[in-house]
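Residues in the sequence shown are numbered consecutively from 1, following full-length UniProt numbering.
Careful, some of the hints might be misleading.
As a list, the in silico BS3-like pairs of lysine-lysine whose alpha-carbon atoms are at most 25 Å apart [said to hold, decoys possible]:
hint, residue 1, residue 2
1, 994, 831
2, 760, 990
3, 760, 924
4, 200, 70
5, 195, 342
6, 31, 70
7, 774, 785
8, 829, 756
9, 443, 497
10, 1062, 1088
11, 237, 322
12, 515, 409
13, 1007, 990
14, 431, 451
15, 322, 202
16, 994, 924
17, 926, 1062
18, 200, 31
19, 497, 515
20, 364, 237
21, 529, 497
22, 497, 926
23, 342, 288
24, 319, 530
Everything labelled a hint here was simulated from the structure, so no lab data went into it.
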Amino acid sequence: MNKPIHYIPVTINGSQYNVEENQTILETCKKLGIYIPRLCYHPDIPPFGQCGLCIVEIDDNGTGYACIQKVAPNMNISTNSETVMELARSNFYNFMDMSVYPHSKDIEDLFNYFAPFTEVHERQDDKNISMTFNSSLCIGCDRCVRMCVDIQGIDALVEKNPRFSENQCISCGQCIAVCPTSAITHTPSYQHVLKNLANKDKIVVLQIAPAVRVSVGDLFDEPPGTVVTGKIIDAAKQLGFNYVFDTCFAADVTTIEEGNEFLERLNNHGTFPMFTSCCPAWINYIEKSHPDLVANISTTKSPHIIEGVLIKNYFAKVKGIKKQNIFVVSLMPCVAKKMEIKRMQLAGDVDAVIIPQELADMMKMFEINWNQLKNKEFDSIVGHSSGGGQIFGASGGVTEAVVRYTYEKLTNETLKDTLKFSIFRGNESLKKAEVKINDVTLKLAVCNGIKAAKHLIETNGHTDFHLIEVMSCKGGCVNGGGQPKKRHNRQTTHLVKRTENIFGIDEKMDIKTPKLNPEVIQLYEDYLKKPGSHMLHTHYEHQETTFLANLRNERTKHHMLLSEMRMVSISHSNAGSMLQMGKNAFTNTTLNLSSTSLVSNLSDLGKHKVRKLVEAFTNGFKFPINTTSIDQILEEKTAFFVINSSEANESFDLAISFYDLLENSFDDLTGVRYAVCEFTNKKAKNKFRIGREIDILMEHHLASRITPYREVDISSSDFGEPNFERWYMVLCYILGVEPPKLEISVLFKMARSKDKSIIKYPLRPNTFTIASLKEISKLDENLTKIVINVSKGTTYEPGDYLQFLPKNPPELVEKVLASLNFTGDEVYKVKSADHSSFIPEIISTRQLLEQYLDLCTPPTREMIKIFAECANEEGQALLEELNENGNNEDDNKDNVYHTAAQFCETYSKYGIPELPKLLTCCPKIKPRTFSILKHENQQMTVIMQKHVFYTQDDDKQNSTEKKEHEGLCSSYFSSLINNYFNNTEKPKDKVAFKVAPGILRYPKSNKTPVIMIAYNLGASSCLALLHHRTDSTFGDAIVFYEHTNSAGFQELEKEFHNLHEKGTITNLFIINSTENTSNYNSILENSKDVWRLWKDDSTVVFFSGNRKSESEETKIINEAFVKTTIKEGGLRDEEAMAYTSRHQFTIEIIK
């Protein structure tokens, strides 16, 4: 006898159903046509949850696997929430971690579900001596392009795949300064320096440029522009440099050599104008763009090259040191200097160039504490300068120094008033002056930035001057491309302070020109004899290094993934380890991957909140992280790896070395328990997963995996923080240890602002535009047509979406402000680490709650946590219980909360969190998306459908009640509509909107035949594409439109009929939706018309609607076309399925 079937009420994705009891969530959803991804599930075998793809959210209180968890009365299930999608997608990528995917319809469906679009990086990885580009880190923000085009005027990055060495790039490095992800960065040189520091036979000398002494402090939280010369010298000595000299000494020599060359040209009617030669990026520009002006460049070598020459010749002679035993390093503000020392005519004068960040990295390796450094003095002989040498680091400084020297040379007097020639200071793009000395009038110009020089040359204005100084970077070397990055405006705080302090050093010095510098006088008397030595002069022409020549002749070939990993590892090898291991650096059996080094090497995670989480975990976890050697693994019987493979770094390098060590080992690791967590970047072109390789090798060596390998994607919207937290929570649970208590990372920094104008004139949400309502008209009870006025520059393609950003009701905002004791008109400056945030830089508290925090949705667990952090004892107990049990209305009537607003009102009496924490953890308002029906005359039209649901009436059996959805979007648009119709003046409400790419896109070829299938509101997207068909060049189009016969959908039906009468639509079939009629049936009934288009392989199919899930809709439509192919084409089943698969299907599910 069959048992009676009992039904229970459940809610799935916000809709209520009566479903069979004793069924799993997966079985229930399959019957309802709700797609849940799965791979390991099969109905004939017991479920196991191995793949983790069928994860769902249950009662807003946790997650479970749909294949295992059974439905229960009143269960609230979400299959597509952000949390679910993030977890399922992470599990999917982990499960599908293989080089070649097997051909399978199941796997193809999963890829279409999880990754319908793949981001393509057009620009490839690139590298030269100065700069490196990592395409995997590029987010396409175009900051580098705008800097290169708009500020520098070089246009080197406007191509789809620009190459540093094959275009107009001058290696100025200003693109590095503005890159938010370090996709473009300097090419490091410090490894070469460290290797020579470890060589006892080498005398390693450091010279310090004038501009870095006012910038290095930025890396150690010193006030902007602080002069830290003495501390740099002390740090260099502790690193092992034998001598430290001042490049300003060579600047004095440059002044004499360039000044005499200038006077010689004046006296002998030489080539004018004479361009200064200190800036290598400027030299690159002339050689690439204006080779006819090479003869105008001063032949004097740049200061640091001159310093290198004098160290290796004059200093070496005085000290009795062999020239070949000296290794000269320049600490420079400029990445172009790295390339300059490789020029064939300058090769060997300086051996390496490092920038401030590389000095800081070396100090970090050697654990040199900045705050404990003392002020030391430069070494003598070639180490002291005049004030004129100091000002070389700022725009106009070279000209001022040369004019000071020229004045003394022509007048035979000592200059007493240096301010006489301070006219070249300032931040103007082009500074011009005429200086009269005796009977000579000098016409001088200072180009502050390469763009100014370019304009001067291209307008032929350069011919009016005798001497022109050019610094490629605006402001001079104090703003060089190798200087520390700054979050502030480069033209304000840092630049001004650096420049002021550079000239401040000059003001404090007694000696203003090289004429009175005793070390310079000694140099010329004892060694050079007179200006003009060939050692200090050169010539300029287009020169290629051996590296560049090889690069042009033969491109580097692609390598296998592990080979690429090893190459990256070697190029970024751990310099500290090399110092300790010497020649056996990669064969030593002990590799130090301490937890301390791990955290220090997550520096590239600095912009992600997950970094603090990792630091807290490594500090609080009682077991060692990243065990040091195989012997130690065998001794401790545990091995835990947390590896950052998102880019090449020390942690990554050492992991590669450990992999090589393990791969070549024959040790039996039976009894060893291990776990691996790896940080990666899914958006990267090259996804290095060395942690995955270590995980596999550990298993091959018979070690036991405690938890599955976990990959944490730092490019995800939450930076991978929940994923990492779940990994260590499971790990601690299995190990039986208390997990570290971790604080919530705050994503926003807020500072009070006095700008009260923002209250009356609020800033628009980031990436959104403000538009006014043009017209609202009700098509029927549930459908409303909304027309907005858009700006003239709004771009749109047929099929695009219009996204509105709704607002919280004003009365609700005021309630929350009162309960939290916040002042609504308090204004804040906001800095966000959340790249998905719409919040502008300046905002009031009221605006924040009204436009950005979703007060109408349930609070997140993080929100409960921050309230618990600040609550009193009573509140903490309630909130901890709440966090564990969730929103269980039956268990605790007093502690029920439905929305974030209600939660704030209920629990603020126990304690109020800080606003930045609330901003981080409170649910954010999300835009609501509509298909754009029409865009014409700067107006966009959309159709909005009211969301309704049906509730069971407990008092009346089998009766239901229709209710409107009470969410934020529904209430917001209801208020807009009511305000429009209830106000006779038709108020022009403002709405925040933006245009987003749609799913449906018309084929590239207009002649492509199309078959459109629409259900209810899906008509909007199809009509938008059809309005695009404006002439006879378009191919045939068949439209099937099924709707529920309401007045609103009948209006959309009229639109289709109008287009059919115009000939835009070839065949139109309207279906009134009933149990026995559907688009599916209509396709079969009209198979001859369908086949006329379908027999063309290029025919595409569009579907838009909201009746079923994407997979179910695809299955139904596909089956209809297979049957049509069998009936009209005479093909067998298999042939018909193969033929149907040749066509393109695009499915859009309207939610």
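Status of each hint after checking the structure:
1. 994 - 831: Roughly 22 Å between the alpha carbons, so the hint for residue 994 and residue 831 holds.
2. 760 - 990: holds, 14 Å
3. 760 - 924: holds, 23 Å
4. 200 - 70: violated, 71 Å
5. 195 - 342: Holds, at about 19 Å.
6. 31 - 70: holds, 14 Å
7. 774 - 785: holds, 11 Å
8. 829 - 756: Answer holds: residue 829 to residue 756 is near 12 Å, not above 25 Å.
9. 443 - 497: violated, 29 Å
10. 1062 - 1088: holds, 23 Å
11. 237 - 322: holds, 21 Å
12. 515 - 409: With Cα atoms ~9 Å apart, residue 515 and residue 409 stay inside 25 Å; holds.
13. 1007 - 990: violated, 41 Å
14. 431 - 451: holds, 13 Å
15. 322 - 202: Holds, at about 10 Å.
16. 994 - 924: Distance ~17 Å between residue 994 and residue 924 Cα, so the pair holds.
17. 926 - 1062: Roughly 39 Å between the alpha carbons, so the hint for residue 926 and residue 1062 is violated.
18. 200 - 31: violated, 77 Å
19. 497 - 515: Given that 25 Å is the threshold and the Cα spacing comes to 29 Å, the pair is violated.
20. 364 - 237: With a Cα-Cα distance of about 15 Å, the restraint between residue 364 and residue 237 holds, given a limit of 25 Å.
21. 529 - 497: violated, 39 Å
22. 497 - 926: violated, 42 Å
23. 342 - 288: holds, 17 Å
24. 319 - 530: holds, 22 Å
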